[in-house]
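Dock chain B against the given chain A, drawing on the hints supplied.
Chains A and B supply the protein sequences, listed in that same order.
Just so we're on the same page, our numbering is the position in the first sequence counted from 1, plus 40.
Just so we're on the same page, our numbering is the position in the second sequence counted from 1, plus 6.
None of these hints come from the bench; they were simulated from the model.
Do not rely on the hints blindly, as some may be mistaken.
Here are the simulated lysine-lysine pairs, DSS-like style, with alpha carbons at most 30 angstroms apart [claimed, not checked]:
1. B:102 - A:198
2. B:97 - A:118
3. B:65 - A:118
4. A:118 - B:102
5. B:65 - A:229
6. A:479 - A:393
7. A:692 - A:714
8. A:479 - A:513
9. B:97 - A:198
10. B:65 - B:102
Beyond 10 angstroms from chain A on every Cβ pair, some chain B residues (computed) [unchecked claim]:
11. 8
12. 32
13. 68
Just a few of them, taken from the derived set where beta-carbon distance is under 10 angstroms, the chain B residues facing chain A [said to hold, decoys possible]:
14. 18
15. 23
16. 34
17. 51
18. 56
19. 71
20. 75
21. 81
22. 83
23. 85
24. 90
25. 103
26. 108
27. 120
Idealized CB from N, CA, C, for every residue including glycine.
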Amino acid sequence: MTDSAILDAFFEECEDLLVALSDGLEDMREGRADSETVNAVFRAVHSIKGAAGAFSLEDLVGFAHTFETVLDEVRSDKLTADDDLLRVLQRAGDILANLVDAARDDIPADRDQVDPVIEELQSFLGTEAAAEEEFVFEALSLSFDGAASAARYVVRFKPGQEFYATGNDPVLFIAALQDLGPCEITVEKTELPEDFDSFVWNEGYLTWQIIVGDQQNDLAIREVFQFAEDLCELQIAEEDLDEDAPAGDADLADVVAPDVDTPVDVAPVDLPPVDTPPAAPAPEADAPSTAAAKTEKPVKRAASTLRVDPERVDRLINAVGELIINQSVISQRIDEAELPNSAELYGDLDDYKLLAREIQEGVMAIRAQPVKPLFQRMLRIGREAADATGKDVNLITEGEGTEVDKIVVERLADPLTHMIRNAIDHGIESPEDRAATDKPKTGTLRLTASQRSGSIVIEIIDDGAGLNRKRIKQIAVEKGLVSADATLSEQEIDHLLFAPGFSTASVVTNLSGRGVGMDVVKTAITALGGRIAISSVAGQGTTFSITLPLTLAVMDGMIIHIGGQTMVVPIASILETIRPSPADLAEIGLSNHLLRIRGEYVPIIDLASRLGIAPRATALTDRVLLLLQTESVSQCALAVDDILDQRQVVVKSMKGSYGEISGISGATILGDGKIALIIDPEAIAAVQANELNAQVTAQREVSHAAT
Amino acid sequence: MSAHILAIDDSRTIRALLTATLEKAGFAVTTAVDGVDGVEKFQQAQADLVITDVNMPNKDGFGVIDDIRQGSVNRAVPVLVLTTESGAALKERARKAGATGWIVKPFDDDALVSVIRRLTGT
Numbered sequence: 041m042t043d044s045a046i047l048d049a050f051f052e053e054c055e056d057l058l059v060a061l062s063d064g065l066e067d068m069r070e071g072r073a074d075s076e077t078v079n080a081v082f083r084a085v086h087s088i089k090g091a092a093g094a095f096s097l098e099d100l101v102g103f104a105h106t107f108e109t110v111l112d113e114v115r116s117d118k119l120t121a122d123d124d125l126l127r128v129l130q131r132a133g134d135i136l137a138n139l140v141d142a143a144r145d146d147i148p149a150d151r152d153q154v155d156p157v158i159e160e161l162q163s164f165l166g167t168e169a170a171a172e173e174e175f176v177f178e179a180l181s182l183s184f185d186g187a188a189s190a191a192r193y194v195v196r197f198k199p200g201q202e203f204y205a206t207g208n209d210p211v212l213f214i215a216a217l218q219d220l221g222p223c224e225i226t227v228e229k230t231e232l233p234e235d236f237d238s239f240v241w242n243e244g245y246l247t248w249q250i251i252v253g254d255q256q257n258d259l260a261i262r263e264v265f266q267f268a269e270d271l272c273e274l275q276i277a278e279e280d281l282d283e284d285a286p287a288g289d290a291d292l293a294d295v296v297a298p299d300v301d302t303p304v305d306v307a308p309v310d311l312p313p314v315d316t317p318p319a320a321p322a323p324e325a326d327a328p329s330t331a332a333a334k335t336e337k338p339v340k341r342a343a344s345t346l347r348v349d350p351e352r353v354d355r356l357i358n359a360v361g362e363l364i365i366n367q368s369v370i371s372q373r374i375d376e377a378e379l380p381n382s383a384e385l386y387g388d389l390d391d392y393k394l395l396a397r398e399i400q401e402g403v404m405a406i407r408a409q410p411v412k413p414l415f416q417r418m419l420r421i422g423r424e425a426a427d428a429t430g431k432d433v434n435l436i437t438e439g440e441g442t443e444v445d446k447i448v449v450e451r452l453a454d455p456l457t458h459m460i461r462n463a464i465d466h467g468i469e470s471p472e473d474r475a476a477t478d479k480p481k482t483g484t485l486r487l488t489a490s491q492r493s494g495s496i497v498i499e500i501i502d503d504g505a506g507l508n509r510k511r512i513k514q515i516a517v518e519k520g521l522v523s524a525d526a527t528l529s530e531q532e533i534d535h536l537l538f539a540p541g542f543s544t545a546s547v548v549t550n551l552s553g554r555g556v557g558m559d560v561v562k563t564a565i566t567a568l569g570g571r572i573a574i575s576s577v578a579g580q581g582t583t584f585s586i587t588l589p590l591t592l593a594v595m596d597g598m599i600i601h602i603g604g605q606t607m608v609v610p611i612a613s614i615l616e617t618i619r620p621s622p623a624d625l626a627e628i629g630l631s632n633h634l635l636r637i638r639g640e641y642v643p644i645i646d647l648a649s650r651l652g653i654a655p656r657a658t659a660l661t662d663r664v665l666l667l668l669q670t671e672s673v674s675q676c677a678l679a680v681d682d683i684l685d686q687r688q689v690v691v692k693s694m695k696g697s698y699g700e701i702s703g704i705s706g707a708t709i710l711g712d713g714k715i716a717l718i719i720d721p722e723a724i725a726a727v728q729a730n731e732l733n734a735q736v737t738a739q740r741e742v743s744h745a746a747t
Numbered sequence: 007m008s009a010h011i012l013a014i015d016d017s018r019t020i021r022a023l024l025t026a027t028l029e030k031a032g033f034a035v036t037t038a039v040d041g042v043d044g045v046e047k048f049q050q051a052q053a054d055l056v057i058t059d060v061n062m063p064n065k066d067g068f069g070v071i072d073d074i075r076q077g078s079v080n081r082a083v084p085v086l087v088l089t090t091e092s093g094a095a096l097k098e099r100a101r102k103a104g105a106t107g108w109i110v111k112p113f114d115d116d117a118l119v120s121v122i123r124r125l126t127g128t
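Chain A extracted, bound-state conformation:
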């Protein structure tokens, strides 16, 4: 793993930890917390701090440290998590998330935002605790200052029971000393019991004296005993050459390595056999009693996950795509072969289709991620926006467990951020305004996700003032997007928000209006194969609904015929199919046809002429109409020659080879191996809408000129 890969993994882990943190804090707020909740919250912050330290992310480490200290006090019941503290903890959680983001983007932390929260956190800590919390990293590596003359050090070392009990082996210590310089090693065995029966394996009977030569000071030696200083009797002193009694004098019974120049390799075999295995295994009979008897309460196992390179999953998805194509090829072949007694074969084929779909769903599930981390981030952004605008907003999320393709989750972040900020900045009114209109002072912003028949629906619902349609139209007229006397339905006005060039520049605040318009939001959603719709009721609020396909690679398509060509229309946008009777049809002008359906008129778009090909039949009554739901003209009917089939198609992008083609979103390979274009109903309808507007304007101008 490279360093940058580990860093990436760290930020991924932070996402998970931040979710755990925010979940825990929410449980604490709701009064559902037990001690494990508080522990989990503490651990989340602690883990972020620990790992951030490894990358020298000091802002993050420093903040996490203060945060963690407060949580530790809560954990140990020194602090009570009352509303006041919970509010600060919540805020701290937001700041921590911001710091993670800042670290990821490699930008400096916003001290103006961070410092006040640190102060608030500290205010909960007693002065004592604060003083105690001098936060220093203990450096492990030791530096040697200056080149003092080399000296010899005498180390007297007598390990005791504790030393052996903590996994230490004297042999290794001596070996480490030998690495430092030439050693004279002697062992003192006088304490060994004469009587073998009274011998205890881990009793410290032996004392070693090691004279280590060639040392500048005692630091390196002390480092060897770093963890064991208090576990053994230990004296380290510079050799006193004036002393009469040199090393290895009479009271040392056994000289192991008397030769200064050639240090003896202290291998276990050289040592008295009694001390060699500090790890004397317990008697066999003991084993089951300690291991098996320990049947503690069942512990929750960490969810076992598999981390896979996304490219491998993509390859798998591609292969599944091919499988689905292959399946339709086989279907087609069987049809063409006109086999006798093919009923069984068709049964098998149906099984095959079912399996292929199952595999496809399984593979897509690998890429699926819950929207939860995304929603948590949005909550944070919402809270910040509410703070910045001084509005009281209750933020609610629903359906956090809804799973969406990983790419969708990633690409939704920016559009959602923008919409959440908009909803708070422009949608929800100030507490005073709300009070004046008999609304609760606190506004509500809901972010919901759900799965509805093959689509994911994400809604942003505010209970604010609703869209100011008069103002929207006025802006659109000023920007030259519509003519002043155009008659627009409410829905059409609402959709002006998405028009390129419709900027809310006149109402720029420091919050929204950061140069990202709703048209960018719409582009992002469309790029994901999704749609966005608005509904708004004056005084009651606005709802933005984003509908996204479950998968990006495969879609359900209606296979149609048009002018001898086979094409695909996404089923998601088809409301119904109609074979019109003459009574259903009406005309306006020379070339515009309308379909009357349930008392409403919707424009008919001739797909063939739109694409520049000749339709097989010219009379609309000989053709089929697909009633489409689109944003730009709400409903419209697409005239095609015939409907062939309804099946899953694998979407292949053509952008790489042909660039963007208006009206075509991609291509697919059909069962007969032919390539079929996939129609983009939204783009087709948009062209129609523009033309209609142009015609209406032109007609008005004509009629103006005539008068």
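Showing chain B alone in chain A's frame:
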């Protein structure tokens, strides 16, 4: 022969860092994601040294050491505690639990490797 290290930490970042550092230094590394997993792996694997985090779900680092020291397998294995705190109280607790030593996060790669070499005699 390269020593086999069992690294127990609930943070996958730290696990990745430890693995990268130790493998580069020529150690064989097994990782475990929490205390329970750690003790289980310890019983299966012939670890020459254990590095464990303190704050972990299910079983903390002290619990791990306790299980190792009270267990029947390889109970005298050196165990290093990996911790962000450097306070004396923590060291005291680690020592009581039977830890061989402690490493303060963020750890210095070279220092970590040299401590492990020393404790494993490699």
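Hints versus structure:
1. B:102 - A:198: Answer holds: residue 102 (chain B) to residue 198 (chain A) is near 19 angstroms, not above 30 angstroms.
2. B:97 - A:118: holds (22 angstroms)
3. B:65 - A:118: holds (23 angstroms)
4. A:118 - B:102: With Cα atoms ~24 angstroms apart, residue 118 (chain A) and residue 102 (chain B) stay inside 30 angstroms; holds.
5. B:65 - A:229: violated (41 angstroms)
6. A:479 - A:393: Judged against 30 angstroms, a Cα distance of about 54 angstroms means the pair is violated.
7. A:692 - A:714: holds (13 angstroms)
8. A:479 - A:513: holds (27 angstroms)
9. B:97 - A:198: This hinted pair holds, its Cα atoms lying about 21 angstroms apart.
10. B:65 - B:102: Cα-Cα ~17 angstroms, so holds.
11. 8: Its Cβ never comes within 10 angstroms of chain A, the nearest being 16 angstroms, so this holds.
12. 32: Nearest chain A Cβ is 16 angstroms from residue 32 (chain B), so the label holds.
13. 68: Fine: 13 angstroms to the nearest Cβ keeps residue 68 (chain B) off the interface.
14. 18: holds (5 angstroms)
15. 23: holds (5 angstroms)
16. 34: The hint is violated - residue 34 (chain B) has no Cβ within 10 angstroms of chain A, the shortest such distance being about 16 angstroms.
17. 51: For residue 51 (chain B), the interface hint is violated, since the closest Cβ of chain A sits about 16 angstroms away, which is over 10 angstroms.
18. 56: Result: holds, 8 angstroms to nearest chain A Cβ.
19. 71: holds (9 angstroms)
20. 75: holds (7 angstroms)
21. 81: holds (7 angstroms)
22. 83: This hint holds: residue 83 (chain B) lies near chain A, its Cβ roughly 5 angstroms from the closest one there, short of 10 angstroms.
23. 85: Check passed: Cβ of residue 85 (chain B) comes within 5 angstroms of chain A, closer than 10 angstroms.
24. 90: Holds. Min distance 5 angstroms.
25. 103: holds (9 angstroms)
26. 108: holds (7 angstroms)
27. 120: holds (9 angstroms)
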